[in-house]
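Novice: Sequence:
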Amino acid sequence: MGLKGESADAQDTTTNLRAHRTWSTFESGGRLLILDGATGSELTAKPGIDWSAQWSGWPAQLHLPEALRSVHQSYVAAGADILTTNTYSANRHVMGNLCRTYKGLDMVREANLAAVSIAKEAASTSGRPILVAGSMSNHAPSYVSTATSSPGLNPTLSGNWPPAEVERSNYREQASLLREAGVDLLLLEMVKDWVHGDLLVSAATEMGLPVIVGLTLRVSDDGAVTARDDGSFHVAEMVERWGACPEVVGFAVMHCSAADAAAMVSAVAASWGGFIGCYPNRQLQSRGLVVPDDACAYDAISPEQFASLARNWIASGARMIGGCCGIGPGHIQAVAHLAEQHGRNLPDSKSYVLPNDVENNHPSDSNKTQQCCD
1 MGLKGESADA QDTTTNLRAH RTWSTFESGG RLLILDGATG SELTAKPGID WSAQWSGWPA
61 QLHLPEALRS VHQSYVAAGA DILTTNTYSA NRHVMGNLCR TYKGLDMVRE ANLAAVSIAK
121 EAASTSGRPI LVAGSMSNHA PSYVSTATSS PGLNPTLSGN WPPAEVERSN YREQASLLRE
181 AGVDLLLLEM VKDWVHGDLL VSAATEMGLP VIVGLTLRVS DDGAVTARDD GSFHVAEMVE
241 RWGACPEVVG FAVMHCSAAD AAAMVSAVAA SWGGFIGCYP NRQLQSRGLV VPDDACAYDA
301 ISPEQFASLA RNWIASGARM IGGCCGIGPG HIQAVAHLAE QHGRNLPDSK SYVLPNDVEN
361 NHPSDSNKTQ QCCD
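Per full-length UniProt numbering, residue 1 is the first one in the sequence shown, and the count goes up by one each step.
Derived by calculation from the structure, the hints in this document are not laboratory data. One or more of the hints may lead you astray.
Cβ pair distances, simulated, as ranges [to be verified]:
no., residue 1, residue 2, range
1, Ala45, Ala315, 24 to 34 Å
2, Ser271, Ser302, 30 to 40 Å
3, Asp9, Ser126, 29 to 39 Å
4, Ser70, Leu105, 22 to 32 Å
5, Thr14, Ala315, 38 to 48 Å
6, Lys46, Ala300, 12 to 22 Å
Idealized CB from N, CA, C, for every residue including glycine.
Kindly produce the complete structure, drawing on both the sequences and the hints.
Specialist: This is the structure we're talking about:
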């Protein structure tokens, strides 16, 4: 390897080491961490913004940067410790035909870099430490033509997925862009089945940054907690499999009914002694599978109700609370007040330990990382 390659490796190692140490400082502070809430539903609540053009997590940073910045700033004002980039679906297979160039530049690259820049700008105005989490997701590409929008739709099975290696390469590309742009950690969202979850986790952990795996789960009639789109994949298996990756610093329960969240957090905690987050949507009742177009068509939950339910999530083991679809700054402010009340009175979890490859100051061994998803 030439000097240029060696210099890049050294820079990546420094970036990863700094990110893990920053996360360690946040995670070991002994207080409840506050994640932000929904971005898409906040954007589309603004006058003149079309929901269908914004929900998938990338157009705003290119076409409505000031609107996106104001959403991030509203969460900073509400007390968020962590901002999530608007990159939920900013990978090549979800953006699809929209991956054409933008002003002569590659759309995927620009969407990711711009989103991180806007989130970092918002974080920098707070006067206090705020982390920026790079969002990546297992959101399905366009659905097959025979799929219908119904409560029973399984989005994973109905997606027009690319070949596995193409999908993994697209995740790797996005993760690399997010690291280049300067995120503090990677937040994997809507991980809801074995096959695509493996591809996302393995690609993200190659970067060497801290990774939180956001699990989208369901509770069956017999009380079993499984992947939302694969009822045979139990949460204990998910945690055992992906928790073996040294870069995985935590798991989060996300995009679920607020009513089901406590049971889901408890199920994760039964198999994982480390960091756990919880950021459900505004749904009050369990409804099983929900198609993305229905993501905000839930019964409204008030900030007071949200904070009250959050006490149960904390008691079950959550150390980070935030919100998904339909959860806004008012809800986040309510749980931020809850964090002030809790102070250091949080459930015990195992101490965070820097991965050996980071602590020893050399890049992550991709073969070792891959083993956690084989």
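Novice: Each of the hints needs a verdict: does it hold here or not?
Specialist: Structure-based check of each hint:
1. At about 31 Å, the beta-carbon gap between Ala45 and Ala315 stays in the expected band of 24 to 34 Å.
2. Our hint of 30 to 40 Å for Ser271 and Ser302 holds, since their Cβ atoms are close to 32 Å apart.
3. The hinted window of 29 to 39 Å between Asp9 and Ser126 holds, with their beta carbons roughly 33 Å apart.
4. For Ser70 and Leu105, the Cβ-Cβ distance of about 24 Å falls inside the hinted range of 22 to 32 Å, so the restraint holds.
5. Between Thr14 and Ala315 the beta carbon distance is about 39 Å. The supplied range of 38 to 48 Å therefore holds.
6. Range check, Lys46 to Ala300: Cβ separation about 18 Å, and the 12 to 22 Å hint holds.
In this structure, every one of the numbered hints holds.
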